[in-house]
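Using the hints provided, position chain Y relative to the given structure of chain B.
2 protein chains.
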Amino acid sequence: MPRPKKHVFVCTQNRPQGHPRGSCVSSGCGAVMNEFMNQIQARQLFDDIALTNTGCLGPCGFGASVLVYPDGVMYGKLKVSDVQSIIEQHLLGGEPVKSLQVPTEVW
Amino acid sequence: MPRPKKHVFVCTQNRPQGHPRGSCVSSGCGAVMNEFMNQIQARQLFDDIALTNTGCLGPCGFGASVLVYPDGVMYGKLKVSDVQSIIEQHLLGGEPVKSLQVPTEVW
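Chains as they are written, first to last, in numbering that gives the first Met the number 0: chain B, 0 to 106; chain Y, 0 to 106.
Hints are computed from structural coordinates only; laboratory data are not their basis.
Where hints are given, some of them may not hold.
[To be verified] The list that follows gives simulated cross-link-like pairs (lysine-lysine, PhoX-like), each with its CA atoms no further than 20 angstroms apart:
(1) K5(B) with K4(Y)
(2) K76(Y) with K97(Y)
(3) K4(B) with K5(Y)
[Claimed, not checked] Reference excerpt, derived from the structure (chain B facing chain Y, CB under 8 angstroms, subset only):
(4) T53
(5) P69
(6) G71
(7) W106
Glycine residues also receive a C-beta, built at the ideal position from the N, C-alpha and C atoms.
The shape of chain B in the complex, shown without the other chains (with noise of 0.2 angstroms):
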């Protein structure tokens, strides 16, 4: 792919279930890697914005964890319905989402 200005990644760790750190799985991070997809395809977004699936990024009691290089913002908590706000404010209009970002403490 061509140097994108925006490289999403997205954490689609899984864990069996039960398992006491959960994961992004089972925290429903495929809808949201799925919606970031279809978005990015629908917007034919391909040469400014990257995506890219990831083990474990760390605050697996915050997924789905998105994070989105080069500004190094990590977003939690997910949903699907969250993913077109970061799509318009944050990967095309520069700012990231504040409201959907995990506490500075985790990140």
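Leaving out everything else, chain Y in the frame of chain B:
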């Protein structure tokens, strides 16, 4: 994890043997990932350097692929023996290792 100074993303994408795109697994990414992990642990760099495995980063012909943010530097065709110079020159010293970067038309 705390917000790191450098975040190392190692592609650990696998594909079936004989797949036309190949994969970073077939290019030895597992050993590269382990070497980063071992050196980060041996040098106790956990506070400053994060390490995350990812799905496909794009340049499959240049595996093992490693991407460093917030710099946005993509390394390619990495071997275990390349990891030490990336850690010392780039992650700690701040100067990307140009000889190990993928061509500019790739990233």
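Would you settle whether the hint for G71(B) is holds or violated, based on the nearest Cβ-Cβ distance to chain Y being less than 8 angstroms? It holds, given that the least Cβ distance between G71(B) and chain Y is near 6 angstroms, below 8 angstroms.
W106(B) as an interface hint toward chain Y, with CB separation required under 8 angstroms: holds (5 angstroms)
Given hint K97(Y) paired with K76(Y) - CA-CA distance at most 20 angstroms: Judged against 20 angstroms, a Cα distance of about 13 angstroms means the pair holds.
Assess, step by step, whether the Cα of K5(B) is no farther than 20 angstroms from the Cα of K4(Y), and give holds or violated. holds (18 angstroms)
The hint names P69(B) as touching chain Y; please verify it with the least Cβ-Cβ distance against 8 angstroms. holds (4 angstroms)
Once the shortest beta carbon distance from T53(B) to chain Y is found, is it less than 8 angstroms? holds (5 angstroms)
With the threshold set at 20 angstroms, check whether the alpha-carbon distance from K4(B) to K5(Y) stays at or below it. holds (18 angstroms)
This entry satisfies every hint, going by the numbered hints stated previously.
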